[in-house]
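The lines below spell out each chain.
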Amino acid sequence: MRASVNRPPTPDVGDTQEKQPTLEEIINIKFIESGEKERLMELLRERLIECGWKDEMKALCRAFVKKKGRNNVTVDDLVHLITPKGRASIPDSIKAELLQRIRTFLVSAAL
Amino acid sequence: MASHAQLSSHFFGDLLDSIIVDVASECHRIARLGLDRNLEEEEEELKLSAQARERVTDPNNSGEANSKYVVDIFGQTHPPIASDVFECMNCHRPIMAGRFAPHLEKCMGKGRKARFKGTRSSTAAQNRHSRGSPVSTYPPYPNSTSTNQLSNGTSGVAGEEYSNGTFPEP
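Protein chains in written order, with the working numbering: chain A, 1 to 111; chain B, 1 to 170.
Cross-link-like lysine-lysine pairs, in silico, BS3-like; alpha carbons within 27 Å at most: (1) A/LYS68 to B/LYS47; (2) A/LYS54 to A/LYS95; (3) A/LYS37 to A/LYS19; (4) A/LYS68 to A/LYS85; (5) A/LYS85 to A/LYS54; (6) A/LYS37 to A/LYS54; (7) A/LYS58 to B/LYS47; (8) B/LYS47 to A/LYS66; (9) B/LYS47 to A/LYS67; (10) A/LYS54 to A/LYS67; (11) A/LYS85 to A/LYS37; (12) A/LYS85 to A/LYS67.
What the simulated footprint calls covered on chain A by chain B, stretch by stretch (three residues with Cβ under 8 Å from a Cβ of chain B suffice, anywhere in the stretch; the number is not a length): (13) 23–31; (14) 34–45; (15) 59–71; (16) 77–83; (17) 88–102.
FYI, nobody ran anything at the bench for these hints, they're computed from the structure. Glycine included, each C-beta is placed from N, C-alpha and C at the ideal position.
Next comes chain A alone, as it looks inside the complex (with noise of 0.2 Å):
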């Protein structure tokens, strides 16, 4: 028997499509779209120089650095160095600012 003959059937195209987006990436969507996580990307960056927050990650990479030579490092490692420390130091006055925007926004585009 050909093997040509017994190919599988070509799947129907409501099948190809992918499953229907979710709130969240909807939102997304729109949160990119309306320039909105531009702006609160370079609100919180800012806060976090601010406050000393930058500098505090970088003094770690530094130390990570120094402990195992300059060109042994990866962006990886650091990446998982901060990435613990770097969420459990936000300023609480700085992370409700951020959510009060990011709330305000979802309202405004909620469907």
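Given chain A's structure and the hints, the job is docking chain B onto it.
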């Protein structure tokens, strides 16, 4: 259905993760390019340069006699007192560069004796006086209204000496 609070936290986390990656990337770049001067190897270099600097400043402090042996960054040595000779533009005498400042003091009249230099007649002295003369053909400042009077603050090049308004006898 995710609540607003959950969604907000999720998006905040997203923003934070992006910023963390940026910081890590920046630190990685600094590390790999050796832009951070505080690592051990650079510490060695810093120590060496500090030592070198001490060596350079020491001989200078111990007097001019030793500075002949100090070498600059081009490998040249210089005598402690500049020895080039040129012509003074005031009195036209040959002067040693390292002695030019004290010479100028005497020559241009900071000292007492120089004020009465007119008795040692020379073209230079005549030029100096004529610059401040009331009958000078060109005023020292474009905005001076009268060339016949020497008023405060508008005197010529050697103005300091004449600021009291009087004109010394030639």
